[in-house]
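A.B. asks: Note that the protein sequences, when read in sequence, are chains U, F, L and P.
Numbering-wise (our numbering), the first sequence opens with residue 1 and increments by one.
Numbering-wise (our numbering), the second sequence opens with residue 1001 and increments by one.
Numbering-wise (our numbering), the third sequence opens with residue 2001 and increments by one.
Numbering-wise (our numbering), the fourth sequence opens with residue 3001 and increments by one.
To be clear, the hints were calculated from the coordinates, so they are not data collected in a lab.
Among the hints, erroneous ones may be present.
Restricting the straight-line Cα-Cα distance to at most 25 Å, the calculated cross-link-like pairs of lysine-lysine (DSS-like) are [said to hold, decoys possible]:
#1 U:83 <-> F:1278
#2 P:3099 <-> L:2278
#3 L:2037 <-> L:2202
#4 L:2083 <-> P:3083
#5 P:3202 <-> P:3037
#6 P:3116 <-> P:3037
#7 F:1037 <-> F:1278
#8 F:1083 <-> U:278
#9 P:3278 <-> L:2278
Number of protein chains: 4
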Amino acid sequence: MTDLLRTRPASTPAMLAVFDDDTTIAHALTFEAVLAKAKAAQGLIGIEVAEAIVRACNQCSVNAAELADEAALAGTLAIPLIKRLRVPLDDGAADALHKGATSQDVADTILMLQAKKAKSLLLTDLDRIAVALAAIARQRAGTAAVGRTLLQDALPVGFGLRVAQWYAGIVDATRRLRIEISATAKLQFGGAAGARAGLRGKGAAVAAHMAESLGLACDVPWHSRRVGVSAIAAALGIVIGALAKMARDISLLSQNAVREVREPVVSGRGGSSAMAHKHNPTGCQSALSAALRAPGLVASILSGLPAEEERGIGGWQAEGPALTELFLLAAGSAEAMATVAEGLDIDEGAIARNLRAAGIGDDIGESSAIVAAILDNYRNDG
Amino acid sequence: MTDLLRTRPASTPAMLAVFDDDTTIAHALTFEAVLAKAKAAQGLIGIEVAEAIVRACNQCSVNAAELADEAALAGTLAIPLIKRLRVPLDDGAADALHKGATSQDVADTILMLQAKKAKSLLLTDLDRIAVALAAIARQRAGTAAVGRTLLQDALPVGFGLRVAQWYAGIVDATRRLRIEISATAKLQFGGAAGARAGLRGKGAAVAAHMAESLGLACDVPWHSRRVGVSAIAAALGIVIGALAKMARDISLLSQNAVREVREPVVSGRGGSSAMAHKHNPTGCQSALSAALRAPGLVASILSGLPAEEERGIGGWQAEGPALTELFLLAAGSAEAMATVAEGLDIDEGAIARNLRAAGIGDDIGESSAIVAAILDNYRNDG
Amino acid sequence: MTDLLRTRPASTPAMLAVFDDDTTIAHALTFEAVLAKAKAAQGLIGIEVAEAIVRACNQCSVNAAELADEAALAGTLAIPLIKRLRVPLDDGAADALHKGATSQDVADTILMLQAKKAKSLLLTDLDRIAVALAAIARQRAGTAAVGRTLLQDALPVGFGLRVAQWYAGIVDATRRLRIEISATAKLQFGGAAGARAGLRGKGAAVAAHMAESLGLACDVPWHSRRVGVSAIAAALGIVIGALAKMARDISLLSQNAVREVREPVVSGRGGSSAMAHKHNPTGCQSALSAALRAPGLVASILSGLPAEEERGIGGWQAEGPALTELFLLAAGSAEAMATVAEGLDIDEGAIARNLRAAGIGDDIGESSAIVAAILDNYRNDG
Amino acid sequence: MTDLLRTRPASTPAMLAVFDDDTTIAHALTFEAVLAKAKAAQGLIGIEVAEAIVRACNQCSVNAAELADEAALAGTLAIPLIKRLRVPLDDGAADALHKGATSQDVADTILMLQAKKAKSLLLTDLDRIAVALAAIARQRAGTAAVGRTLLQDALPVGFGLRVAQWYAGIVDATRRLRIEISATAKLQFGGAAGARAGLRGKGAAVAAHMAESLGLACDVPWHSRRVGVSAIAAALGIVIGALAKMARDISLLSQNAVREVREPVVSGRGGSSAMAHKHNPTGCQSALSAALRAPGLVASILSGLPAEEERGIGGWQAEGPALTELFLLAAGSAEAMATVAEGLDIDEGAIARNLRAAGIGDDIGESSAIVAAILDNYRNDG
């Protein structure tokens, strides 16, 4: 049972893979294996016990659909997965498995591993956009164009100034996303109620070992404190909005009566099932569609902040799917706009023609200086 | 590439199937076949041409993943699907295929077919809940219990009165959902710009034929008018909220210090990966989680209402996934709460004990009369 | 301390008055007076006691700012108001005052009185729009114009068909709003925990008397069941969206490069602080701005549905301000678009010119028939 | 016409004053005066002209209600205000007034002046909370209490660990708010289309002068780039959510059957209009209510990001009221929770009793060490 016709058009195959069942299960198995090794390193369990657990994790082959059915009933992925992992283990290893951890430790850590990978995918496309827009902004800073406010012709602006504003918004939003994911993508390890009980005082050491192995930062348990996840969600929502600002303008500038720009021609893109003559701005459509879905997803995650005591009922469980969707949408939007930015077809003739028709002169004020200042102030750090 | 670990826990297999790739493709193929037959019936194309198209639709076997990749690029499902359908057709049939329709006609009609099917699934579980709650309300109308406001003990209420209020909310929300889906689940057929051009004045007749074949109501084109879709979304959001009201109360009443009710014991449900003694209210968790995700989804769909002219850029495209998610969440919530309602474990001893401890007497006022009036005023129409 | 610069531009003076402090206090005083009279009519208190209470309500002069300060602390308006009302009363009347009711009874009933009044204000402007749009649609049904999809020229449509779609969306949304407010604008009267305790079994009779006096429908208590309020909120959100659809199209059609329509010239409207030549579509701006704010407000109200037991902590209290804001925004939007609809300046020359430039012929298909069907199917019931 | 009964209970008088009509008008007049002085300093207008403008600004007495009426029609506050300011000016000064600026420059700069002031108000109360919670966390780190997950008794935790998690969430959210406001609270000065035209190349110098006078940072125009405003909104939403997390837990711990904590007794707070025995957690109610309204407001502001070209139609106009409301709600929530935090009544007897009743032992694991690490890692910078 797949739903690619619903999920794929708004995202990218690479980002979908970050959050698909196979990756999720692989992360969960790694968590349990790494936990066993960390406990062995701290003398909490025997080395052979840890090795048996690691082996069980390595050899475990799970049917995702069955696991999902059981997870639906159990309320978490960890419960049915651990049941499976215990099958080949003797009693001692079965007892040691997962001990000291709780379902949320697994789920939160998986989500942070995914967020970290997703960040690197996103940054690649956002960097492509920034590089392409900076070049256009610099090149067209002095090209006088109609500036429009409230959809009415206003005064002239440098065409590159408009592009520089897209650039600055996207670079600013990217910077925030990078910071927020770096600050939050930490191991979660707190055990049943977040006190790291049952580990003979070695909880912090186990956590440090695990974080190191998983390539995540280490911190105190944050299970009941979802501010970081909300901040990632908001940062994604802002990135999506900044990309959609660019898309909005390009779609308006692409109107037949304006035609100052066009999305690049990409095979298979922008056609119409009914009209062969059309050249649809489908890259912009992706970005604008994402921007309609993102704010509600951010709101959902913010709504979950007032979670109940040591683990909320409902709020925490709503976060994962909503955050995933934000990453999927951001990826689809960033990839679409990267293609658009790199191939944007700008028609200087049309720009000049529209400006003459507007009858507003051609004084673009300090457009060039502002463009230079923007490119200087808002550095794209790749 | 599946994502069942993300989608399945919040929904039901039956509802996931309504919106999965196979069903979506099947509906799209049916649309094209029915369109051909309707045009033939109106003499717009030859009967053999229609038969060739129908055959192509019947024999078309599509790889959903490939189709999704192409749809992502094209911006719609219809474009790559039609390309495939044309392969076995001669030029005349290839030309006749899809003619008079547009991508949005296909997408909107599919969504309405799915909404109609989804409605019947939902109504079944909502009816189970209403029947179960009505019985509890009637039976316990006179059982004096602590009424609580702002989470503080207030004055006594009949235990059944609280349940009757859940019942009335759910029945009222169900009624609205039934009405809104019935009012909106219509064929969409308008062609490229919604004027039914190129059909020699037979557009209305073709539409009537198609609607009849598809089991949908017939209406004028509504492609650029999304009020009905928004109303379905809002009705789903309200159903999810009404179910979560019941879940909120049950989760509070299930607290160890209160223990007036417990979710029924279901094998595989409510355990803890770390604590064998726990009996988690995971049915309520599903419903409460859905209620955190739904408002944002409704907001997204409302945000798309001010769509651009004859087909919006972004708004329309955001609707399908968001509406689907609302149906999936409503199904997961309704099924979970149906199980809870039918098996709710009520502890009259605890209810009485808590009431004594509250020291607020036992005057439940007109609770029984109000319960009777509610059951009378809010009829569950199955 | 006023905030008219923030609230007034998005609304109308008449709608602001429905929800201002004076009106709110007047409704609260009426509630208490009517409650006293109803209890006297049922023999629960003496007639002189009721008269004393009514007199106190009539003579009570409240400083809204002081009352608001105290209400902020108390958590409800009723507590400080009742304290004031008690001042001139003897002990018996002071004790009888408000008895049988609770703060939420007052607040919910006020909100419903306001909703009812707000409905009639809104319907007047919505009717103006429907009448004006129906006339345009009928008149221009056959005027060939460029149909545009994804902001690209697509195929011709009757200009009146586009207008008829606006009309149908607004009429449909208006119908839903009328139904939902009628269904929900009921007296709330349940007492402390919603069981109508302490009224010697006369609660239902008292409620009936009060409802009659207040001009509201009577029902069982609905304090803990917020489905109706959510449905009003959603209906308002849909009305605002339907108006913004019209505004979106008009703002696009008003672009200098398109110029098929213009907002009517209204003195003091649409100027620019920097550019004398501009004619801004500020009516459309109001409607589009409202449509950006409404979905989040609807989401907030939906989020409050899973309220805790007999009176939630937080959810119920968030509803009033959010619902009020939706009414204020709907009023501002409806009045702005009524003015636009009634004076819309349509340039048939520009329409024809754009169509020629598009090079897509002039076949508008069944536009006229569809317009006729829309006007027939979607009746504006004033 | 006031609406304090709607706005005051959710906010504070000090924060309401930051955004009220008088303050807004004062800021607008300051903007125009400072602009005149800056232009004079750059030799763009004569000193006497600047002095005449400054005098007009100082002497201007505006009726806020009338101004609001005209602003509603004009679409901006600046247009009717400038009209008034011109009355006493001669033609030269009247012409020089506002020149080089546009309505949005005024509105955005006012909003940033308000955001800066609002930040300092908020930080004061947030600091009070952090100080109070840190003390409780340190003191009760070793107090064994029932940890609860999914509203069920789970395993013991140090009572102070739960409080430390509230603390960390609030400190983290506060840090983000401080950063985002500092980064965004800049002068906006771009003129009609954002190119600083008509200032003979002195636009940047004029801006620098103005920023200095207004106590704001200086930057390139950001009128068409709303990422910073969205980031402030999101940061406010996260602060409100972090406060509500604390409120949720306190309201649950205050339930009669749990009674581990109580809100402090404050005169006029927490009573009931119907039940004298009640002690309602109305501070928590304020915070939880704010948290239901905030996510939708954040979503509205994010929805406006894809604004049209040099000034959007609708999106920008929706931002101000929504951002204001977020500040108002944050203030109400922070003040309420500061009072709660400073006076929180903790019952160690009840904590111990509940723990014994839970029968889950008293091993609080590494609670004390985690508390110490949290207080060390999450420094409250006042």
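A.B. asks: For every hint, state whether the structure bears it out.
C.D. replies: How the hints compare with the structure:
no.: 1; hint: U:83 <-> F:1278; result: holds, 17 Å
no.: 2; hint: P:3099 <-> L:2278; result: holds, 16 Å
no.: 3; hint: L:2037 <-> L:2202; result: holds, 13 Å
no.: 4; hint: L:2083 <-> P:3083; result: violated, 47 Å
no.: 5; hint: P:3202 <-> P:3037; result: holds, 13 Å
no.: 6; hint: P:3116 <-> P:3037; result: holds, 23 Å
no.: 7; hint: F:1037 <-> F:1278; result: violated, 60 Å
no.: 8; hint: F:1083 <-> U:278; result: holds, 17 Å
no.: 9; hint: P:3278 <-> L:2278; result: violated, 61 Å
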